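Chain by chain, the residues:
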Amino acid sequence: AQTVTQSQPEMSVQEAETVTLSCTYDTSESNYYLFWYKQPPSRQMILVIRQEAYKQQNATENRFSVNFQKAAKSFSLKISDSQLGDTAMYFCAFMRGGADGLTFGKGTHLIIQP
Amino acid sequence: GAGVSQSPSNKVTEKGKDVELRCDPISGHTALYWYRQSLGQGLEFLIYFQGNSAPDKSGLPSDRFSAERTGGSVSTLTIQRTQQEDSAVYLCASRGTGLNSPLHFGNGTRLTVT
Chain A
1 AQTVTQSQPE MSVQEAETVT LSCTYDTSES NYYLFWYKQP PSRQMILVIR
51 QEAYKQQNAT ENRFSVNFQK AAKSFSLKIS DSQLGDTAMY FCAFMRGGAD
101 GLTFGKGTHL IIQP
Chain B
1 GAGVSQSPSN KVTEKGKDVE LRCDPISGHT ALYWYRQSLG QGLEFLIYFQ
51 GNSAPDKSGL PSDRFSAERT GGSVSTLTIQ RTQQEDSAVY LCASRGTGLN
101 SPLHFGNGTR LTVT
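Top line first, the protein sequences correspond to chains A and B.
Be aware that the first sequence starts at 1, since it is given in this note's numbering, and climbs by one per residue.
Be aware that the second sequence starts at 1, since it is given in this note's numbering, and climbs by one per residue.
The hints are simulated quantities; they were obtained by calculation from the structure and are not laboratory data.
In this text, all values refer to a predicted model and were calculated from it rather than measured experimentally.
Incorrect hints may appear among the rest.
[As the list claims (entries may be wrong)] Some chain B residues close to chain A (C-beta under 8 Å, calculated; not the full set): (1) 29; (2) 38; (3) 43; (4) 65; (5) 89; (6) 102; (7) 103.
[Said to hold, decoys possible] 20 Å max Cα-Cα, derived DMTMM-like pairs, lysine to aspartate or glutamate: (8) B:15 / B:85; (9) B:57 / B:14; (10) A:78 / A:10; (11) A:70 / A:10; (12) B:57 / A:100; (13) B:11 / B:56; (14) B:15 / B:56; (15) A:106 / B:44; (16) A:106 / B:20.
Backbone N, C-alpha and C fix where the C-beta goes; we use that ideal spot for every residue, glycine too.
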């Protein structure tokens with residue numbers, strides 16, 4: 001079974017700062033995918049970024065980037081130039097290769113202060 | 001195009017009553033998932049439908065929980081004889097056929113059992 005651990009229940013930074021959210025996972029699979037989802041107060045789960053385990057290059061999406069360390073089973077999310085709208089719960093998730101569901105961490109509540 | 005639609009948005013019910021939660025997935029998505037999110041917790045997998053295959057029910061917490069997916073599209077999650085510990089947000093997600101296709105979530109149904 002896979003487990004996903006997010007060790008930071010809550011983080012708070014000032015607007016425009018850079019913040020890094022940590023995530024570690026445990027699996028014996030070799031083919032898998034990793035995701036970060038954002039959940040604002042509207043409850044909508046929004047995909048932020050995804051990473052294929054077989055790719056060495058870290059994924060980036062505008063202000064969002066990941067630091068994927070496969071050997072260490074670490075998948076952190078970096079948000080640059082943080083904005084007030086980034087305030088939300090952030091969930092790290094793991095998916096085995098193939099048609100399968102996601103295993104989620106417990107989430108990190110990120111607060112961006114004006 | 002339309003996203004995943006869930007109804008009702010909120011449901012308050014008395015302990016012991018049955019409830020039905022509905023999910024309309026994205027058209028053409030063959031995979032459908034139900035998750036439960038309790039206050040301050042991550043997402044707990046409940047059940048997974050893939051095409052015409054038998055559903056993966058391994059996450060259902062008790063025999064009071066059941067789900068159907070009619071015609072490979074709309075799904076209904078039924079909770080019988082509701083208990084207070086069933087209070088949570090129930091999230092539905094659907095997924096396309098690509099191997100690394102992400103899950104697309106609805107806005108969830110907030111269930112409150114009084």
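Checked hints:
1. Interface hint status for residue 29 (chain B): violated, as the beta-carbon distance to the closest one in chain A is roughly 11 Å, over 8 Å.
2. Because the beta carbon of residue 38 (chain B) sits about 10 Å from the nearest beta carbon in chain A, more than 8 Å, this interface hint is broken.
3. Because the beta carbon of residue 43 (chain B) sits about 4 Å from the nearest beta carbon in chain A, less than 8 Å, this interface hint is met.
4. For residue 65 (chain B), the shortest C-beta to C-beta distance to chain A is roughly 16 Å, which exceeds 8 Å, and the interface hint is violated.
5. The interface hint given for residue 89 (chain B) is met, as the beta carbon of that residue sits about 6 Å from the closest beta carbon of chain A, less than 8 Å.
6. A hinted interface residue such as residue 102 (chain B) counts as satisfied when its beta carbon comes closer than 8 Å to some beta carbon of chain A; here the least separation is about 5 Å, so the hint holds.
7. Because the smallest distance between the Cβ of residue 103 (chain B) and any Cβ of chain A comes to about 6 Å, under 8 Å, the interface hint for this residue holds.
8. Between residue 15 (chain B) and residue 85 (chain B) the alpha-carbon distance is near 10 Å, which keeps this suggested pair within the 20 Å criterion.
9. The straight-line distance between the Cα atoms of residue 57 (chain B) and residue 14 (chain B) is roughly 26 Å, outside the 20 Å bound, and the hint therefore fails.
10. Distance check on the hinted pair: residue 78 (chain A) and residue 10 (chain A) sit about 15 Å apart at the alpha-carbon level, within 20 Å; holds.
11. With a CA separation close to 25 Å, the supplied pair residue 70 (chain A) and residue 10 (chain A) exceeds the 20 Å bound.
12. Taking the CA atoms of residue 57 (chain B) and residue 100 (chain A), the gap is near 13 Å; set against the 20 Å cutoff, the hint holds.
13. Our distance criterion of 20 Å between C-alpha atoms is broken by residue 11 (chain B) and residue 56 (chain B), whose separation comes to about 26 Å.
14. With a C-alpha separation of about 27 Å, the suggested pairing of residue 15 (chain B) with residue 56 (chain B) is violated against the 20 Å cut-off.
15. Note on residue 106 (chain A) and residue 44 (chain B): the hinted pairing holds, with a Cα-Cα distance of about 10 Å set against a maximum of 20 Å.
16. Taking the CA atoms of residue 106 (chain A) and residue 20 (chain B), the gap is about 26 Å. The hint is violated against a cut of 20 Å.
In summary, the structure is inconsistent with hints 1, 2, 4, 9, 11, 13, 14 and 16 from the numbered list given earlier, while agreeing with the others.
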